[in-house]
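Student: Chain by chain, the residues run as shown.
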Amino acid sequence: MAGAIDPIHQFAITPVLGPVTNSAVFMILAVAGVSALLLIGSRERALVPGRLQSLAELSYEFVRGMIHQTAGKHGMVFFPLVFSLFMFVLFCNLLGLIPGSFTVTSHIIVTFALALLVILTVIGYGFAKHGLGFLKLFVPHGVPGYILPLVVAIEVISFLSRPISLSVRLFANMLAGHITLKVFAGFVTMLSAALGGVGLVLGILPLLLTIGITALEFLVAFLQAYVFALLTCMYLNDALHPGH
Amino acid sequence: MIPTSISVDPAIGTTIVLAQAPAEPHGAEHMASTPGEHGAAFPPFDASTYASQLIWLALTFGALYFIVSKFALPRLANIVEGRAERIEGDLAEARRLRAESKAAGEAYEKAQADARARANAIAAEARDAVAKQAEENRKTLDAELAAKLEAAEAQIAATKQAALGNVRGIATEAAAAIVERLTGAAPAPAEIEQAVDASLAR
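Sequences listed follow chains A and B, in order.
When we follow the working numbering, the leftmost residue of the first sequence carries the number 1, and every step to the right adds one.
When we follow the working numbering, the leftmost residue of the second sequence carries the number 1, and every step to the right adds one.
Pulled out of the complex, with its shape left as it was, chain B reads as follows (with noise of 0.2 Å):
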């Protein structure tokens, strides 16, 4: 039997079981301190197991602790620190690349526009000389009409004159021939002329 008289000092009660527990036959069943079957000391009430369950605890917590501020918690931070960074620079890098992308094609596109902004141009200048050599042909045509017709005009000029000097003649000389039909005699050629000339003056 456990000598539960003298458990009412935990640490006392204990050592005097580890003492007896060879001499008892379930000595070896209960292990040193279980007086916990008897309710003397539910176990994590047995004050006699404080004093090494703390200084484990200590050693034990105390190199975790060393264990974690040292060494785990620096290289957990370094490989997530490293992964946000490194991310965070690729990100960097793709808006960059974007951004080029983006300028690259703007210059493009201000490129093309330039291109057709000057073959509008040539073509509009290519247009413009042409309607200008059409103008200047017409006018060289039109010049030259003008100048043939000029010519045209004086050469009828002339032609009249020179038909209505040929009908002097012709009415002198009918003149002539007509007094001297009715009065027998030639009249002088000066008269007649005069009279012509009033006659055809009229």
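Bound-form chain A, shown alone (with noise of 0.2 Å):
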């Protein structure tokens, strides 16, 4: 029984059947979940909406109010991509919460993988709509000509590192949220297997910190589909309007 609590055993990816890994059977489900609640959310069209009509039109709405806070009008070209993208993570983050499943945002390689789409958008389409005006991201106005080589530098440093501060972030958070939980539960049945009756009461402690963890893993879940999508919408704001 000693050492089976391996908080790492979570992310390991095993097939589960053919080609298809456990990573492969959430983003799955993550795709099932967003499309039955969007498409049968959709489905009556009622004027006065139901509960799952009234989430698929919340999740609409707010991610539309998003991209027109930080984009603007014509941030709606990137709707489909931006709404994808949030609900694909929240999915994805909400899913992994269910004890014994899988969390696919907390490798890397996913994390990397959307934060490289976006920022590949924003390059092609930046390049595809302004041309070389595309380039003016990096020269700021107003600065003197003198430092305008250092700037010109940290621009393109900040911009090159967005692809990994923007995954980073996601894994991260994701990953540690979820070793956190496991320590902490682990914590219950070790306790209870090296002191008996003593442990079981003490457990009690850890239990109780568990339940705690697994709600803000609940709002960590929402906020980091949040910040991401967010910040979709910020840098898809530098490929539409690249002159600051």
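Capping the alpha-carbon separation at 20 Å, the derived lysine to aspartate or glutamate pairs in EDC-like fashion look like this: (1) K182(A) / D6(A); (2) K73(A) / E81(B); (3) K73(A) / E85(B); (4) K132(B) / D142(B); (5) K136(A) / E155(A); (6) K73(A) / D238(A); (7) K73(A) / E61(A); (8) K70(B) / E57(A); (9) K129(A) / D238(A); (10) K70(B) / E61(A); (11) K70(B) / E44(A).
Just so you know, the hints here were simulated from the structure itself, not pulled from any lab data.
Model, not experiment: these values are computed from the prediction.
Work from the hints to combine the two standalone chains into their complex.
Tutor: Following this line, the structure appears as structure tokens:
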């Protein structure tokens, strides 16, 4: 029994059936969940929405408001992308909170791929829309000529670090949250296993803590999806309006 | 034991673990790629799983993007915009109805004011007519009274004249009688009349 609790084991990628891994299963579940919510929720097209329709409309208006605020009216070109990203990350995060499940977003390669998708969209759209004028992004207005090279260098580095910060933020939050949960939940069983009845009583403390952290993780799951989508909007805004 | 010596290349390491897994007593628990327990490869940094994750991510996220952009968002936009339009239409209808009722109210008040004005006009007219009639009546009455007064004055004058005429006859006879008694001779009537007239005229 001792040493059976390994907080890292939950992140292992294991094959389930042929090429389908546990990660793939949860990606498929997330997509199925999002699709079910949106398609079933929008099926009745009621004037006064039911619960599911309210949820679908809420997510629609939430993401639409986010794009409007950060990128303006023209940002609506990216509505499907931002919406898909937000819903995908949110559902992956939330599905990962089900005990015994797998968290897709706790793998850096997944979050990095999503962040790269955002940055490549910014670069591709920026050059397609503004041509070389997109490079104005790296040249802020009103900077004296003699420090301009330095500022441009800083801007380029900050631009290049965006996919890293965007992906690491989500990945690290998910990873750390799940490790913390596992460790504190592990204390409960370890205490009772090691100390018997006394341990069972003492185990109440880490149990309460686990409950609290679980609630916090639900907040983090939503918040990280929101932050990811919000930063995506802000980066896409650069592609739309590179002149600061 | 897991051959940690080869795990420098995670991909190769995993294949070897996979191949050796059945021979190992704890292999079933560790399930293929868990060299992480030995600190060799932490699952998120295990590059051997990257290709599979990326392929699945591309497939699932691509499918989600397709579903979202082709079905979900147009339908939701339809619902939300439709509701906004419906509400806007209802509000416009309410505004129109309010304007209509306001206009009706104004028309009603105008009609009421007109009616009141007309009633006032009719009342004034009637009042004027009555006053005019009364004035006319008064005038005819005045005229009648004046005529009567005139007639009465004429009659008085005639009576006075007649009375004055009688006075002359009586005075003549009395004078003739007085002269006859005093002188014993009857004076000439013409002299008597002349004398009487002279004294009357005085």
